[in-house]
Each structure stands twice: as structure tokens, then as C-alpha cells.
Amino acid sequence: MISGYLDGLGMVLQISTLLAIAGGTLLGIIMGSLPGLTSAMAIALLLPVTFGMPPVAGIGMLLGALCGAGASGSIPAILLNIPGTPSSVATTFDGFPMAQKGEAGRALGLAIVASFFGGVASMVILSLLAPPIAEFALRFGPAEYFSLSIFGLVIIASVAGKSLLKGLIAGLIGFFVSTIGTDPITGVGRFTFNELSLLTGVNLLPALIGLFAVSQVLKDTFEYDPHERMKESAHRIDIARPRFIETLKHWKAVVIGVISGSVVGPIPGAGGSIASLVAYDQARRFSKTPEKFGSGHASGIVSVESANNALLGGALIPTLALGIPGEAATAVLLGGLMIQGITPGPLLFADQSGTVYGIFLAYLIANIFMLLIMCLGIKLFIRVLTVPRKQLLAAILVFCFIGVYGVDGDVFNLYLMLGFGILGYFLNRYGFGTAPVILGLILGPIAESNLRRGLQSFQGDWTPFFTRPISITFLIIALALLVLTLWQNYRTNQKNAASG
Amino acid sequence: MERDIGKPLFNLFLLVASASAFVAAAALPNIEIVGDLSPAFFPQLLSGLIFLFAIPCLIKDAREWWIAKQIHSDTPHALQVRSIAQWLFVVALLAGYIFVFERIGYIASTGLFTFFCIMGFVVISGVWSTLSMSQRWKSLLSTLVFSTILAVAIFYVFTVLFKIPLPT
Chain A
1 MISGYLDGLG
11 MVLQISTLLA
21 IAGGTLLGII
31 MGSLPGLTSA
41 MAIALLLPVT
51 FGMPPVAGIG
61 MLLGALCGAG
71 ASGSIPAILL
81 NIPGTPSSVA
91 TTFDGFPMAQ
101 KGEAGRALGL
111 AIVASFFGGV
121 ASMVILSLLA
131 PPIAEFALRF
141 GPAEYFSLSI
151 FGLVIIASVA
161 GKSLLKGLIA
171 GLIGFFVSTI
181 GTDPITGVGR
191 FTFNELSLLT
201 GVNLLPALIG
211 LFAVSQVLKD
221 TFEYDPHERM
231 KESAHRIDIA
241 RPRFIETLKH
251 WKAVVIGVIS
261 GSVVGPIPGA
271 GGSIASLVAY
281 DQARRFSKTP
291 EKFGSGHASG
301 IVSVESANNA
311 LLGGALIPTL
321 ALGIPGEAAT
331 AVLLGGLMIQ
341 GITPGPLLFA
351 DQSGTVYGIF
361 LAYLIANIFM
371 LLIMCLGIKL
381 FIRVLTVPRK
391 QLLAAILVFC
401 FIGVYGVDGD
411 VFNLYLMLGF
421 GILGYFLNRY
431 GFGTAPVILG
441 LILGPIAESN
451 LRRGLQSFQG
461 DWTPFFTRPI
471 SITFLIIALA
481 LLVLTLWQNY
491 RTNQKNAASG
Chain B
1 MERDIGKPLF
11 NLFLLVASAS
21 AFVAAAALPN
31 IEIVGDLSPA
41 FFPQLLSGLI
51 FLFAIPCLIK
61 DAREWWIAKQ
71 IHSDTPHALQ
81 VRSIAQWLFV
91 VALLAGYIFV
101 FERIGYIAST
111 GLFTFFCIMG
121 FVVISGVWST
131 LSMSQRWKSL
141 LSTLVFSTIL
151 AVAIFYVFTV
161 LFKIPLPT
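So the protein sequences, as listed, match chains A and B. Using UniProt numbering, you'd call the opening residue of the first sequence number 1 and step up by one each time. Using UniProt numbering, you'd call the opening residue of the second sequence number 1 and step up by one each time.
Just so you know, these hints were derived from the structure itself, not from any lab. In this text, all values refer to a predicted model and were calculated from it rather than measured experimentally. Please note: incorrect hints may appear among the correct ones.
Sample of chain A residues at the chain B side, in silico, Cβ under 7 Å [stated by the list, open to error]: (1) Lys101; (2) Ile169; (3) Phe175; (4) Pro226; (5) Pro445; (6) Phe466.
Output of the computed footprint for chain A on chain B, the stretches with three or more beta carbons under 8 Å from beta carbons of chain A [to be verified]: (7) 18 to 30; (8) 151 to 164.
Note that CB positions come from ideal geometry on N, CA and C, so glycine has one too.
Taking the hints into account, I'd like the entire structure generated from these sequences.
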């Protein structure tokens with residue numbers, strides 16, 4: 001492990017890598033502070049920039065974006081009562097009331113430091129837990145990989161869409177798209193329509209950028225209202241500086257936030273809003289002054305923000321160790337890893353331990369950059385909220401084009417991106433979600449090739465898929481989750497019907 | 001409940017698309033390998049499942065749309081028409097941008113796309129009609145400058161700094 005960390009340190013402590021992480025963090029902060037623009041979109045837009053970089057620098061840049069967006073969602077939440085990201089919803093509970101009292105700078109200072117503490121603590125947890133999980137996963141054969149793929153797809157489908165069926169449909173669409181191209185076993189062309197660009201399958205990048213960036217721009221285009229004005233808020237930033245001592249005074253809230261984020265983070269599909277709400281609720285329960293929560297209480301902000309960034313490190317555990325991302329942003333990050341030539345999973349830890357530990361350290365440095373950039377540029381980032389939407393939307397689309405065309409200079413990929421963008425727009429609009437599509441696209445080939453290779457080695461016998469202990473465990477958990485989600489949906493429908 | 005005909009229509013589209021994919025998959029050649037599944041197995045299984053799952057979604061969404069239609073029988077709001085126009089305009093502009101991307105080069109196509117995209121928002125959203133002549137000229141000029149700077153700056157940053165080749 002020590003040699004792995006030393007190798008990783010050598011990769012991270014290079015000027016180009018540090019600049020890449022800082023650049024990614026900066027873009028993540030900007031994107032996260034704009035309501036409607038997500039961390040997944042920030043990562044998707046940065047992917048093309050990382051092409052020519054060494055893996056750790058490229059992934060460090062994407063992790064910087066993830067970390068920056070995770071923390072900066074608190075800016076509009078505190079200043080405008082509009083969460084920049086879903087996980088910042090709970091930040092509005094105490095952040096906005098504190099800002100209304102004229103203490104916006106204090107609220108931001110607390111949020112920045114709490115995010116930093118949460119991120120650093122989760123990095124420690126990530127580096128302790130991911131390697132043993134990956135080592136355990138080295139026992140996986142074709143049957144286990146097939147079951148794991150089904151498990152991952154079911155989990156994200158059950159939480160990403162507004163209904164289980166719609167989430168599953170979205171996952172199956174991604175799964176189906178992954179079958180386009182040359183069949184991996186027989187070499188038969190499937191749905192290529194004599195298009196040379198499709199022979200090697202659908203490129204992941206046009207799908208990622210289309211589903212997460214273009215679809216979001218199309219949504220913003222539909223909702224574009226020139227008369228909508230962001231409230232001028234810069235004057236409220238009176239004393240915006242990091243609040244280390246004050247945050248440490250609320251150490252209980254930090255610990256609760258870190259525990260909540262680290263426990264919820266690795267659960268695929270649980271998401272940031274759940275972690276932050278759990279942290280907020282627990283901090284209130286353990287507080288000596290629970291009545292102050294909701295009226296601008298520092299513990300409320302600290303617990304939520306430390307949970308938000310602790311969640312990111314937790315979410316990286318299944319992504320890196322098993323290749324199963326828990327939600328949209330880590331799904332896009334997984335795509336980024338694969339584009340960089342890194343296949344997440346147990347073999348990554350065995351074969352490229354230096355890269356893995358380099359990624360851990362890059363995440364730690366991303367948190368440090370997040371703290372520095374947020375502290376130095378807080379007043380500037382608030383100005384981002386006033387950038388005219390029409391210029392911003394046009395510029396994002398231009399970046400999308402560069403990203404997709406830059407892969408291999410193939411115009412066909414641009415048409416694919418537009419197609420995925422339109423599909424993603426409708427999938428989001430009608431409650432299917434886009435994260436399951438990407439996961440289906442990533443897990444599809446794993447599931448299909450492992451099922452078929454497994455069947456070949458078992459002479460066409462299906463029973464090992466249902467009798468091997470790890471494989472059946474994954475399938476049972478997936479089935480249990482399906483039943484549980486159906487039950488929850490049923491209960492919700494019953495409650496809605498009862499309340500009229 | 002939402003009165004959005006798009007919801008059931010999208011489910012209908014999924015039904016038709018998955019049925020077509022199922023039929024197309026059936027036409028794939030089969031190569032026998034001991035223990036292996038045919039290349040058509042997965043596409044057929046997946047399209048079949050999408051078809052099956054889309055049926056209850058279609059029924060539920062169509063029922064909700066029908067109930068909502070009985071309650072709100074008003075005509076589409078002008079705001080919604082404008083939103084649809086903005087959306088269609090951007091999609092058409094994107095298709096046009098892709099079409100001319102390599103034909104006229106990156107700087108020209110990107111400059112034109114950015115200019116028409118921003119001006120399209122200004123015109124379709126109704127802001128243009130509220131502007132005086134001098135404000136219109138100012139808007140045109142500032143958009144022209146922004147589009148040119150964006151296209152040229154991005155071109156040089158990506159081709160020189162990141163070594164990503166872009167069409168000239």
C-alpha cells in the first residue's frame with residue numbers, strides 16, 4: 001500500500017496534474033453554483049479536455065469538478081434559497097435564514113470549511129475501504145460479473161426514474177444501445193445500418209455529453225424566460241471568509257455529516273439529497289438546541305455541507321472497486337475513467353495500484369483546491385449567477401461540439417450526440433431519467449459478454465448463475481430492492497389517493 | 001395530474017421502437033457456438049422487456065392525461081408555444097451546425113451558430129419587439145462580438161493548447 005501511495009504521489013505532485021485538478025475544481029465550482037447545471041454536466045464537458053492528459057491528471061480534473069460542484073451548490077442555496085445541486089436542498093434550511101439575517105458571508109464561510117472537512121474525511125474512508133472490497137471482488141467470475149451488472153442496473157433504475165418501471169426502461173434502453181455494433185463473440189454486425197462509425201459500437205462520449213449536457217441545455221431552452229432575473233445578491237457578502245474555528249466548535253455536526261455521507265455514499269443510487277437530509281435530521285436530534293434549526297443555525301449548515309462532500313468519497317468506493325456507480329455524476333465519472341483507458345473494478349487495484357492511489361490523492365488535493373478557490377473567489381463566483389442565460393447556453397453547446405468531435409474527428413458522433421440529447425430531454429421530461437441509460441450502456445457489454453462466456457464455460461447450463469454464492473446474493477439483493485421499491489411506490493400511491 | 005399529451009405519446013413511441021427493434025433483431029444471422037446464445041438473444045430480450053414495461057406506463061399516463069383533459073380544457077398557453085418554438089429552433093440550429101461544421105470550418109460555423117442561437121432567443125422570446133432601433137443595433141453588435149471572440153478563442157485554445165484538431 002505504501003509503495004502504491006508513493007507511486008501515486010509521484011503522479012499527482014506534478015505541475016500539470018495540479019493545474020488540471022485546480023482547473024477542474026474551478027469549473028466544478030462555477031457549474032455547481034449555477035442552478036440547473038449539474039456536476040454530471042461539468043464532468044461531461046470536461047471529458048474532452050482530459051483526452052491528452054495522463055490518467056491521474058485527467059481523472060484528477062474530473063474529480064476536481066465533482067468536488068467543486070458538490071461544495072458550490074451551497075452558494076445559490078444560501079444566497080437565493082435556490083439549491084445549485086439536489087444535495088444542497090437541505091443547505092437552504094439554515095443557510096438562507098442566516099443570509100436573511102445579514103450573515104451570508106458567515107453562512108458561506110461555514111459551508112466552505114464543512115465541505116472541506118467532509119471531503120477530507122471521506123477520502124480517508126475511501127482509501128481504507130475500497131482496497132479490501134476490490135480484493136474481495138477478485139473472486140468474481142463470469143457469473144458474478146453478470147449478476148453484479150444486473151444488480152447495478154436495478155439499483156440505479158429504482159432510484160433515478162420517477163417510477164421503477166420507467167427507470168428500468170431507461171436502463172434497458174442503454175443496455176440495448178450497447179448491443180449496437182459487432183457482436184463480441186460471433187463477430188456479427190448488429191444494427192449498424194452499414195455505418196462504419198457504428199461497427200465498433202456506440203461511442204460513450206457522444207452518449208454522455210448528449211444525455212447530460214445537451215439534454216440539460218434543451219431543458220433550459222424550453223424553460224428560457226428573458227424576464228426572469230436573478231436577484232442581485234453580492235451586497236449580502238459582507239464577511240465571506242472561511243470559518244475554521246466556528247466550524248470546529250460544531251464538531252458534532254461535522255462528525256454526523258461525515259458519518260451520514262460516508263454511509264449513504266457507497267449505497268448505489270441513494271444520492272446526495274438523502275445523505276444531507278439524514279445528516280440534518282441527526283444533527284437536530286443530537287443538538288442541545290434543536291429548536292434553533294431552521295432559523296439560521298450554524299450546526300444545520302455544517303452537518304449538511306460536510307455530509308455533501310463526505311458522500312462523494314463514499315460514492316467513489318463502489319465506482320472504483322466494483323465499477324458500479326451509484327448516481328449520475330459518478331456514472332459520468334466512470335465513463336471518463338473508461339475513456340482514459342482505466343477499467344474500474346478489482347483488477348484496477350491489482351494491476352494499477354499506483355493509479356488508484358494517485359486518484360485517492362488527487363481527490364484529497366481537489367478538496368484542498370476547493371477550499372482555496374472558494375475562499376479566494378467567493379465574491380467572483382456569486383457574479384456567475386448573473387451571467388445571461390442565452391450566452392451561457394450557446395457557449396455550453398459549442399463546448400459539447402468540441403468534446404464530441406475531438407474524440408476522433410467523426411461528424412457522425414455529433415449526430416449521435418444530438419440524438420442522445422433529444423432522447424435525454426424526453427427521458428428526463430417524462431420521468432425516466434438519463435443516469436440508467438448511461439449505466440446500461442456501460443454495464444450492458446459486461447453483462448452480455450459475461451453471461452455468454454459463462455454459458456460457454458458451463459456448457460449452456462444456467463444453474464451456476466443461480467447457485468454460486470456471490471452471484472445469487474447479488475441477484476437476491478436486486479430482487480429484494482425491486483420488491484421494496486414496488487412496495488414503496490404502492491404505499492406512496494395509496495397515501496396520495498387517501499389525501500386526494 | 002399533468003395535461004401533457006407528450007407523456008403517452010412518448011410511451012407509444014417506445015412501444016413502436018421496441019417492437020421494430022425486436023423484428024430487426026430477429027433478422028440477425030445466427031452462428032452456432034456450443035453453449036453460446038445467438039447474437040439476436042440480448043437485443044430481442046431487451047426490446048421485448050422495453051415493450052412489456054412500456055405498456056403499463058402508456059396506460060397509466062394516457063389515463064392521467066385523459067382525466068386532466070376533462071378538468072382543464074383550455075387551449076395551450078402562449079408561453080408554452082414560445083417554449084416549443086425556442087426548443088425547435090435550437091434543435092434545428094444544432095442540426096444545421098453539424099451539417100456545416102466540416103464544410104465551412106470551425107470558426108465560421110461556430111461563430112454563425114452562436115450568433116443565431118443568441119439572436120434566436122432574443123427574437124423568439126419577444127424581447128426584440130420591445131427594443132428601440134438603437135438597442136437593436138447594440139444587441140446585434142454585442143452578439144456579433146461575443147460570437148466572434150468565442151469561436152476564435154476556443155479554436156486557438158483547443159488546437160494550440162490541447163492539440164485537438166478542429167476543421168478549418
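So, going through the hints one by one against the coordinates:
1. Lys101: 36 Å, violated
2. Ile169: Result: holds, 5 Å to nearest chain B Cβ.
3. Phe175: This interface hint holds because 5 Å falls under the 7 Å limit.
4. Pro226: This interface hint holds because 4 Å falls under the 7 Å limit.
5. Pro445: Not OK, violated: proline 445 of chain A not within 7 Å of chain B, min 10 Å.
6. Phe466: With a minimum Cβ separation of about 17 Å from chain B (threshold 7 Å), the hint on phenylalanine 466 of chain A is violated.
7. 18 to 30: Per the Cβ count (5), the hint holds.
8. 151 to 164: holds (count 6)
Hint compliance for this structure: hints 1, 5, 6 are not met, and every other hint is.
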